[in-house]
Amino acid sequence: MSDVETPDEEPEGVTVEPAPVLHGAPVTVIAGQNVLHATTETYPELLANLQAEGFGQVVDLCGVDYLLGGRPAVPASIETERFEVVVNLLSHVKRERIRVRAQVAEGDSIASIFDLYPGTEAMEREAFDMYGIEFDGHPDLSRILMPENWQGHPLRKDFEVGRIPVQFKAAPRQD
Amino acid sequence: MALTEDTETTGSSHADDGLVGDASRVTGIDNAVLRMSEAEVAALSQETTDEFGDSKMIINMGPSHPSTHGVLRLMLEMEGETVLRSKPIIGYLHTGMEKTGEQLTYLQGCTNVTRMDYAAPLFTELAFSLAVENLLEVEIPERATWIRMMMCELNRMTSHLLFMATNGMDLGAVSMMIYGWREREEVLRFFEKVTGLRMNHNYIRPGGVAADLPDGWQEDVLGLCDLIEPRLEEYDILMTGQPIWRERLQGVGVINEAECLALGATGPLLRSAGSSWDLRRDMPYLAYDDVDFDVIVGTYGDSFDRYAIRLNEIRESMRIVRQCVANMPKGDYRVQNKKVTPPPRARIDESMEALIHHFKIFTEGFKVPEGETYAAVESPRGEVGVYLVSDGSSTPARMHVRAPSFVNLQTLPHLMHGGLLADAVAIISSVDPIMGEVDR
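Just so you know, the sequences run in chain order A and B.
According to my numbering, the first sequence is numbered sequentially starting from 1.
According to my numbering, the second sequence is numbered sequentially starting from 1.
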């Protein structure tokens with residue numbers, strides 16, 4: 001697993017000392033949990049490797065929008081993009097969880113892992129619906145929670161939150 | 001901890017990855033899921049000489065149908081009475097709760113997430129609180145842990161009792177509906193005493209629980225257990241051994257372990273297929289390491305197994321609840337960390353600082369260090385998880401809830417494929433989706 005070259009400089013904000021590589025991908029440890037980092041190129045292979053290594057279940061897949069910043073630490077070897085696809089995997093045999101964060105640029109697409117884990121079908125549809133992230137090879141990439149004719153992707157940070165205007169009035173006179 | 005079933009299920013079949021059955025039915029482009037949009041279906045129904053000929057047709061079930069547990073809509077391709085392909089259509093209850101979660105502070109977050117799985121609200125609160133505590137790196141007091149555990153197990157009982165009621169109703173055992181609601185109401189009465197509300201409690205919060213248990217709670221809880229235990233025996237007489245009930249459920253909606261894993265299914269659905277996987281035992285959180293309980297596992301993966309698993313999980317939950325009553329530690333019910341916990345009411349009257357602190361915590365909320373985390377707990381429906389990303393402010397940058405019902409719904413087309421329409425009702429019921437959680 002350690003045959004992948006380590007980044008030249010220590011990634012900022014990461015406290016793991018020597019070679020922060022796990023399952024062939026740069027890894028960070030955040031709040032005691034292992035997070036693997038991927039790009040759209042390395043993502044399908046990484047997921048295939050993880051499945052071969054016994055991570056039999058994708059419990060969760062979701063999108064995240066970092067338009068307004070606030071991104072937790074990413075190794076220097078990974079170029080950050082606006083969106084991330086976050087996959088939580090679980091191994092029943094090893095009783096272990098692992099998380100994959102893949103960087104996806106706006107307007108770019110990422111490979112679907114439907115062929116590896118059919119259970120991601122609804123989750124990828126949700127990520128597409130909420131963020132507009134396209135998944136290549138998905139059998140039915142359509143809106144799932146929003147109506148079919150909805151415009152925009154509601155969980156993007158530049159999608160306005162609707163507000164109901166509140167009219168403040170002076171307190172009624174007591175005299 | 002009792003591990004009676006574990007050796008059998010993981011030790012029996014070590015063919016390649018130790019799974020029972022294979023997942024070929026659900027992988028690739030299967031023939032159970034109807035992957036068509038509304039427009040395509042509408043276009044199909046206009047044509048008279050289509051690929052379906054006249055023997056197949058597409059019908060809608062729901063969204064407003066008594067046995068779809070809310071607003072689930074199913075698009076079913078039928079051949080006579082037989083269901084061929086189908087597609088669950090969801091989103092009718094979507095209110096953007098994840099977006100709302102990004103606007104609310106961590107303290108307000110629980111009020112939001114508790115409305116997702118409205119039949120088991122404490123579990124989503126718990127997952128959210130565990131995630132926030134993970135980022136805050138606070139240790140919550142032992143008593144708070146045990147209170148959380150006891151309340152969650154009582155909540156598992158209410159959720160499964162609700163399942164008993166609706167499952168009975170869906171299958172024509174209408175008296176069961178009344179019995180299930182009746183027993184559930186008894187537990188909800190206790191919840192109201194503790195949390196102030198029957199549902200949507202907002203009781204488990206980051207840092208502990210909202211209030212200590214009221215005086216005399218031991219008698220209430222033990223009284224509940226004594227009341228419900230013989231009633232479960234009555235359910236057994238009414239349903240479990242009854243030939244009509246068995247005919248209706250056995251062999252209906254069969255799924256195997258490999259298919260469950262491939263589709264991401266968790267909870268009773270996964271355990272019915274013979275997989276002994278329960279987060280409470282396999283990846284313990286709270287104090288589940290210190291209590292004794294069994295993980296109930298099925299054999300056939302059919303609707304009857306799922307019914308029987310839930311019925312027996314009520315019994316196991318009662319076992320845990322009894323141990324909680326016996327071992328409840330003394331101490332604080334919330335962490336005494338000024339950063340997270342508002343000052344007690346009495347201090348506000350005597351200290352200006354306490355008043356300011358109280359005001360700041362409820363208007364601005366507390367700040368959570370940058371980071372991301374995923375916390376998962378075993379809810380009555382499976383693994384409910386919360387993925388939190390904090391940017392260091394007092395509101396999460398991203399709050400995603402992994403809802404078990406949402407994922408479990410994907411098994412529906414496979415469970416219903418080739419079965420009768422009447423069985424579809426039994427199958428939806430046995431998956432027990434809560435639409436509030438599916439649509440969020």
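A few of these clues could be false.
[Stated by the list, open to error] For lysine-lysine, the following DSS-like pairs were computed, each having C-alpha atoms within a straight-line distance of at most 30 Å:
| no. | chain 1 | residue 1 | chain 2 | residue 2 |
| --- | --- | --- | --- | --- |
| 1 | B | Lys339 | B | Lys99 |
| 2 | A | Lys157 | B | Lys99 |
| 3 | B | Lys367 | B | Lys99 |
| 4 | B | Lys56 | B | Lys193 |
| 5 | B | Lys339 | B | Lys360 |
| 6 | B | Lys338 | B | Lys367 |
| 7 | A | Lys157 | B | Lys193 |
| 8 | B | Lys99 | B | Lys330 |
| 9 | B | Lys360 | B | Lys193 |
| 10 | B | Lys56 | B | Lys99 |
| 11 | A | Lys169 | B | Lys193 |
| 12 | B | Lys360 | B | Lys338 |
| 13 | B | Lys193 | B | Lys338 |
| 14 | B | Lys367 | A | Lys157 |
| 15 | A | Lys169 | B | Lys56 |
If you're looking for bench data, these hints aren't it; they were derived computationally from the structure.
In rising order, the numbers of the hints this structure does not comply with: Going through the list in order, the structure violates hints 4, 7, 8, 10, 11, 15 and respects the others.
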